[in-house]
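Engineer: Got chain A; can you put chain B on it based on the hints?
The lines below spell out each chain.
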Amino acid sequence: MDGALNYLIILLVLVNFLALGSSQIGIVIRLSAIQGFLLGLMPLFMEGWGEIHIPLLCLAIIAIKGLLIPSLLFKAMRDVKIRREVEPLLGFIPSMLLGALGTVLGLVFSNHLPLLPLHKEFLILPGSFSTILTGFIMLTTRHKAITQVVGFLILENGIFVFALLLLQTMPFLAEIGVLLDLFVCIFVLGIILNHIQKAFSSLDSNKLTSLKD
Amino acid sequence: MSHCLFLTSVGLVAFSGVPGLFFNRRSMWGQFISILFFCAGSLAGLAAVLQSFLQGAAEEWALPLSVCGGNVSFRVDPLASIFLAGIFLVSAMGSLFGLEYWRQTRHPESGRKLRFFYGFLTAGMALVVAAHDSLFFLFSWEVMALSAFFLVSTEDEKKETRQAGWVYFVATHFSTLFLFLFFALLRQARGSFELVPFQAGELPAPEADGLFLLALLAFGLKAGLFPLHVWLPAAHANAPSHVSAVLSGVLLKVGVYGLMRACWLFPHPPDWWGSLLIGMGLVSCVLGVAFALGQHDLKRLLAYHSVENIGIIFLGLGLALWGRSQARPELVLLGLSGALLHVWNHGLFKSLLFLAAGSVIHSTHTREIDQMGGLGKKMPRTALLFLVGAAAICGLPPLNGFISEFLIYIGFFKALNLPGLGGNWGLWMGAPALALTGGLAVACFTKVYGVVFLGEPRTAAAANAKEGGKAVLLPLLLLGSLCFWIGLFPQTVAPFLEAASKSWAPPGTAPGPSLSGLAPFGLFSAVGLSLLSLFFIGKNGLDRRFKSRKAPSPVLTWDCGYLRPSPSMQYSASSYAQTLVDFFKWALVPQKNPVRLKETFPKPVSFHSRVPETVLERVFLPVVKGLQWVFQWSRYLQVGYLQAYVAYIFLTLVFFILWR
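Protein chains in written order, with the numbering used here: chain A, 1 to 213; chain B, 1 to 660.
No lab work stands behind these hints: they were computed from the structure. Accuracy of the hints is not assured; some may be wrong.
[As the list claims (entries may be wrong)] Calculated Cβ distances over 10 Å to all of chain B for the following chain A residues:
(1) 54
(2) 63
(3) 141
(4) 179
[To be verified] Just the calculated beta-carbon pair ranges, DEER-fashion:
(5) A:210 - B:623: 28 to 36 Å
(6) B:648 - A:81: 48 to 56 Å
(7) B:648 - A:100: 20 to 28 Å
(8) A:210 - B:28: 48 to 56 Å
(9) B:644 - A:198: 19 to 27 Å
(10) A:210 - B:602: 55 to 63 Å
Yeah, the Cβ is synthetic: ideal placement off N, Cα and C, and Gly gets one too.
Okay, chain A solo, but in the shape it has when bound (with noise of 0.2 Å):
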């Protein structure tokens, strides 16, 4: 059970360094999608089906995750009729080598954490924190507001790993209220990009600089 734990966390670091390559935001979003459906996978392979509320959420989970909020995003992007990320403030290939820079930094820090025994065989840390990492890389890199959104969803993804380590602790009405906030939060960001569209017709978060006062 441990090793598949670990090796899903792998994957899903493997994701994220595909995601900080790709210049097509369709692949990004489906990155994301997939980044879903593994989040979904984790608390089975942590906790087993022993509760009734550990499947549940697993259920919700690669809904929201996988299915709901990817397609919101394609819709998105089909109304703004954007496909690629030009000239990122941080290039492609440098973003990688930053994220993976991120991830080795991150499996020394977690080192020196003080854990559990239990949680120090898994890398439930690093894991995590190299996707928060890679959410900040992308917010903080990408011009279109597409992306950047795609970016805070990894973000978040990357403090749910995180959560695992809670996952007993953790009511089951809290991990669906944190789903549920995600989910506004990205609907409304969909309403936002689509008036940065009209009102600036771009999707360049930049040009919002000339609201500055």
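Structural biologist: The following block gives chain B in isolation, referenced to the frame of chain A:
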């Protein structure tokens, strides 16, 4: 004290302005209801206060409410009762005065707003004074401070008023900031939000000193003590007059109350606390009156007199605090009774003056003293009542100001007789400074009374002034007669003062001398009554003597030998006070444009002089400019790129992870 009665009165007062919100803006009903509520609430409040005095002991009670660890708990002792009485009385007078002065039909756009916040201001002040829990105190304090902001900016269509409102807003928030710190540290030292005196040795000296200084800053800002008074003149001048009366007569006193309560928490103060208060009081009273001398705006002038009177109150409080640290019960009693009586007295005569000034401004439509003149003949009753207030504020017998200042004088003289006083210059200076203040105040009010009410009207508006109606004169008359009452029969208020001083003393102190043993109240009465009867006998005699003679023609009061003086030849507000203003030039920094006449037949020139709010313009504004310059650098962080902001968040996160 009946808890129910007190809470009902606070509730009635607080919501007095609410029914008016539902009436048409041109309807008078809202105002009638508000005055009815207000007067009923104030009467109930005064009854509750009287009951509490009769019971004598402090009473505590709490409502079954608790927010964030703070309880809605009350404690009313005689000290608080003194302040409550002033709050209810003066605010009710102001509310009544508003019936004609700020008539709803004449101010449809601001009248409802004004009455709404007026009620909350009064209720907030009453709750501050009655609060026994620091969180509840802070809450009531904010209700009070914010309502006062809205009241100051009642006429927010005027730029000057908006500016005055902002300065007040900033000042009051600084005060609240210091209060937050004060109560937080108090909570840390004490472990609960309850306001109870410390035991001896419970708190190390440096912490107690820090707390005292914080309290002095917070409450001094609210009370308008000299270098912290910068918000006061503009706010008082630009608020409607009955609001100014409440601000000056009561709101400042809530600051004084706060400091008294804070000192009450520390039963064993070091003696420099008292000396510091005396020193600040000295500066405040002398410079306050000096600034008042240079003003041309009637309400600004009165506002500076508030600074002066707060200084006098602080002299008394400082003396009491010093007496406590020296274990001298007679000094505590004299100083605190003087300060508390002056709290009442200033509330009475200053609101009388502000309301009378409001009546004058109402009929001349200007606040400039130099555009008035000759109003004594147009508004004889207002003039007479203003004169009563002016005599009282100058500390002249047989009025109330004399009594409270005299108590403080006796206290200072008693302190000077103590052995081993060599280095304490504050105590040496106390009585002389008080005397100087009184003298300057007389000079200032002869100027005001002379230029406003005597002589000949300087403008057409002043010539057409009309006496106010009953709603204006009734509050003035009531306040004026109370001034006389306290001045003539001080022994009737002495028990209240004694009870309040006793409740301020740390628990377990031996009962000291009685107030009537220290101050010759009988003599005050005798002197006052004989002065008054001499006046009436003399007036009667003169009347009888000149009854048969008729004045040849309407004679001016101040014609100085000119047969046909023109109004512009009269003394103006600046020329009358010029000598004294020049004497205080080092502090006031008056501004005037120099006029040189070169030709033999000079062309018309204009001359104007003004005394600005020097502390604000020379000290506080430059500091604020400097801060603005410093914080301008932070604008470089605001680049406008979304990515940059996310990067800031990320860097902060990394910082906190690594910092540990």
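Engineer: The structure should be examined with respect to each hint, and the outcome stated for every one.
Structural biologist: Structure-based check of each hint:
no., hint, result
1, 54, "holds (30 Å)"
2, 63, "holds (28 Å)"
3, 141, "violated (7 Å)"
4, 179, "holds (22 Å)"
5, A:210 - B:623: 28 to 36 Å, "holds (35 Å)"
6, B:648 - A:81: 48 to 56 Å, "violated (32 Å)"
7, B:648 - A:100: 20 to 28 Å, "holds (24 Å)"
8, A:210 - B:28: 48 to 56 Å, "holds (53 Å)"
9, B:644 - A:198: 19 to 27 Å, "holds (24 Å)"
10, A:210 - B:602: 55 to 63 Å, "holds (59 Å)"
Of the hints listed earlier, those the structure fails to meet are numbers 3, 6, in rising order.
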